[in-house]
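Take the sequences, apply the hints, and build the full model.
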Amino acid sequence: MDRPGNKQPPVFPVEPGKIPEAELLHLSNNVPVYLIPSATEDIVRLEFIFSAGQVKEDLPLLASFTSMMLTEGSKSHTSEKLLSKIDYYGAFINLYADNDRAGLIVVTLNRHASKIIELVREILFGPVFPLKELNNLIQKRVQNYRISRERVQTLAMERFFESVFGSKHPYGRQIRETDFRKITPALLKDFHSKYYTPDNMSVIAAGRISRNLTSMLDHTFGNLPSHSIYIEEPVSLLRGKATRKILVPKPGAVQNSVRIGSPSINKRHPDYQGLKIVNTILGGYFGSRLMKNLREEKGLTYGIRSGVSSLDLTGFKVISAEVNRENTRNAIEEIYREIHILQNLPVEVKELNVIRNFMLGEMVRMFDGPFARAESFKALHLFGLDTGYYYRFAEKIKSINSDEIIELARTYYKTEDLYEIIAGIP
Amino acid sequence: MVSFIRFMLNNGLKVIVNHDDSTPLTAFNLLYNSGSRLEDPEMTGMAHLLEHLMFTGTEEVPEYDLPLQIAGGENNAFTGNDVTDYYITIPSDNIETAFWLESDRMRGLKLTQKSLDIQRNVVIEEFRQRYLNQPYGDAMLILRPLAYRIHPYRWPTIGMNVSHLENATLERVKDFYLSHYTPGNAILAISGNTPPELAHDLAVKWFGRIEEKDGAQIGIPQEPEQKEERIMSAERDVPSDALFMAWHICGRNSSDFRALDLITDILAGGESGRLYNRLVRKRNIFSEINTWLTSDTDPGLAILSGKLMKGKSFDQAVRAVEEVFDDLKNKKLPLKETNKVKNKYEASTLLSNTSALNKAMSLSIFELLGDAGMINSEVSLYREISRESIMDTAIKYFTTSNRSTLFYKSKQKT
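Each protein sequence line maps, in turn, to chains A and B. Quick note: the first sequence uses the working numbering, first residue 4, plus one each step. Quick note: the second sequence uses the working numbering, first residue 132, plus one each step.
Think of the hints as simulated: they come from the structure by calculation, not from any bench. It should be emphasised that the depicted structure is a prediction, and the values quoted were computed from it without experimental measurement. Any given hint could be a false lead.
To be verified - Here are some, though not all, of the chain B residues that point toward chain A, as calculated from beta-carbon distances under 8 Å:
| # | residue |
| --- | --- |
| 1 | Ile201 |
| 2 | Asn264 |
| 3 | Thr300 |
| 4 | Leu481 |
As the list claims (entries may be wrong) - Pairs of lysine to any residue, SDA-like flavour, derived with a Cα cap of 20 Å:
| # | chain 1 | residue 1 | chain 2 | residue 2 |
| --- | --- | --- | --- | --- |
| 5 | A | Lys295 | B | Glu257 |
| 6 | A | Lys84 | B | Arg405 |
| 7 | A | Lys143 | B | Gln447 |
| 8 | B | Lys413 | A | Pro188 |
| 9 | A | Lys84 | B | Glu402 |
What the hints assert, rightly or not - Only part of the chain B face toward chain A is listed, based on derived beta-carbon distances under 8 Å:
| # | residue |
| --- | --- |
| 10 | Thr154 |
| 11 | Thr189 |
| 12 | Glu191 |
| 13 | Thr228 |
| 14 | Gln260 |
| 15 | Ala365 |
| 16 | Glu366 |
| 17 | Asp368 |
| 18 | Val369 |
| 19 | Arg450 |
| 20 | Ala451 |
| 21 | Pro465 |
| 22 | Lys467 |
We treat Cβ as the ideally placed atom computed from N, Cα and C, and that holds for glycine.
Structure, rendered in structure tokens:
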């Protein structure tokens, strides 16, 4: 057949290029503010980050409840007032509390920025933790908790973290329904006063940064006093369980949820970048070996992925998939087979070339626009790393060879280290 | 303001280009005017199954993803009731690879029994994962056929049931592809660091030679007016009762749509929305509640879903919801509240337009609705809606006789 104009066009090398540095300023009370300016629509995204994550908890749920209660009433506003005002100015606000940190992200039109920043101060530094709202929240969360426990994905993931990090450490301990009843306003006030402090805070501003944004921030947050009281950090044991193969029964499950993985190094370790590449080959993108084998060749699952994640104190890697009951054993064997292949057979040049270009393309996407840049900046900043990390990563992507990959796969995917969790029906 | 150029190729393909040199990427969005509403009621799920098969290769390109990944690109797709959308983001230097790959699979697909068998299994697992193995996951599978008696919106894009997927044949998938994946039935939108002249030349070069075909004309049975309330109950092994309601509304292109959109925002836009504030925060009747519009081309639905707090009855819940709607119909809306939802619409439009991919998607959807320029004009049209017309719209659509209600009961007694 005559098919003019049907030949593959040339492909140019993918280059992440120069990564713009964030500009660092300090408010009068020394709170660091990082600016990531861009000529975009007239909006700005502000993130306020506190070292107030689960790792600081003496009791489960303190970090997440403190965070969720921040908008449930302040010294001068009821919850309804506070949230209506934010909505009125068309701002989007998001509170989070994860393993290591808690924070607030707000996106606002520049013309409303000063009012929004005032409200953010009230949310972060003036919450009153009213009992009635807390009790309502507890009831709601208990109900959501019960619903989430109907999902095999939740059951498998929880048990995975408990196995890998131990039931004593905040990274691994499971939440029980009784934990919700222990939360009181006094406990939350205590947690808040210890960890939502200026000396525990940093700010990342991204988008169209108006000339007076920094003075607004200084005016609003620069006069908050730092109190340098000594806080004893909770000490808990980070240690995995001895049992490595676990079934979490879930009667009536239509599919089983499978998690295979182990604790791992984090971003600060020199092998981390290489491990990221190995992970991508195994299950880190749509064309990965696990996706090809289990989905595209065998149709065993809608999706399978493997990921490597960094936490402040450690890290983990995990392979996840939901599979049909009858196919579960078969799927797990295929996962181990792919790991074994990665440890013993050199990756071919062709595949490695795909990986290199795909990952470099991902790096380009990581810096697409000010909001993506803010996320990428934060991902390093939290680990005390600078943009040099990304340049080294790009170099590693370009230069890694098949011997290194085998070595990394043997070091970090030792079969005897792997935990295997199945939630569902055996 | 999103500026763009627009042109049509001889074969009917519409192209829209927005030049944005603040990003190193270009987003490439190809939308087919082909969704599950075009399916045979005896063999549903075809549009979505075809979307999966679009990635399994052609004569020219045996593996779709591979060359794209080598060019640093990433892609995905989704199928809806009305459209199927394929999108790529790629470093701008390599944008031609996107043109090559997408024009290639519009020109012809290599559909094999083997890939059908595999993707059929993948989609069945997707069906299980999303609809059957999630608490409340099957609610829409029940609510849709309750609200729609004859319109194809009565089934979800994944398909009416697993057996339709099991029975899908290669011939039928091929038919569906040939009938609907024609240049005249598609809209291409480009946004990012690709100059419009270059985008134009590449569109002509890669898509220009694809033969014009007449797409299949499918008569879609339109839903007759609903005359009385429909009620259904289901009992499932879930921790709490849930209430689902659906009202028939207008199509996406009708002028009532904007007022309806603002209504759902007044009711459920964020935590200051009326439903959340009154029924979750103050009265503690629901643990969560939400409303949204299905935003379909043909007359769609406004849907409400809420999970009841333990100890609350369906009677209480329905009454509480009705009170909120009655307020909306009978009490003059505070100006502040209407301004709030209009401000929110403006802010979310601006926010969406900071991303090249979002811009490309919005441009193609708006073009399908009649004019890509709506990306810029909608904000002021929303601004013009009066408080009276919001109330009138609520009175017009949110009636009991126009409503379908699903009582989704918990079997668990704790």
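Consistency of the hints with the structure:
1. Ile201: Constraint on B:Ile201 satisfied, holds at 5 Å.
2. Asn264: holds (4 Å)
3. Thr300: violated (17 Å)
4. Leu481: At 5 Å from the nearest chain A Cβ, B:Leu481 passes the 8 Å test, so the hint holds.
5. A:Lys295 with B:Glu257: Given pair A:Lys295, B:Glu257 holds - Cα atoms ~16 Å apart, limit 20 Å.
6. A:Lys84 with B:Arg405: Answer holds: A:Lys84 to B:Arg405 is near 12 Å, not above 20 Å.
7. A:Lys143 with B:Gln447: Holds: A:Lys143 and B:Gln447 sit about 18 Å apart, inside 20 Å.
8. B:Lys413 with A:Pro188: Distance of about 19 Å is within 20 Å: holds.
9. A:Lys84 with B:Glu402: holds (11 Å)
10. Thr154: holds (5 Å)
11. Thr189: violated (10 Å)
12. Glu191: With a minimum Cβ separation of about 6 Å from chain A (threshold 8 Å), the hint on B:Glu191 holds.
13. Thr228: holds (6 Å)
14. Gln260: holds (5 Å)
15. Ala365: Violated, because the Cβ-Cβ distance from B:Ala365 to chain A comes to roughly 15 Å (cut-off 8 Å).
16. Glu366: This interface hint is violated because 13 Å lies over the 8 Å limit.
17. Asp368: It holds, given that the least Cβ distance between B:Asp368 and chain A is near 6 Å, below 8 Å.
18. Val369: holds (6 Å)
19. Arg450: Since chain A brings no Cβ nearer than about 20 Å to B:Arg450, farther than 8 Å, the hint is violated.
20. Ala451: violated (15 Å)
21. Pro465: violated (10 Å)
22. Lys467: holds (7 Å)
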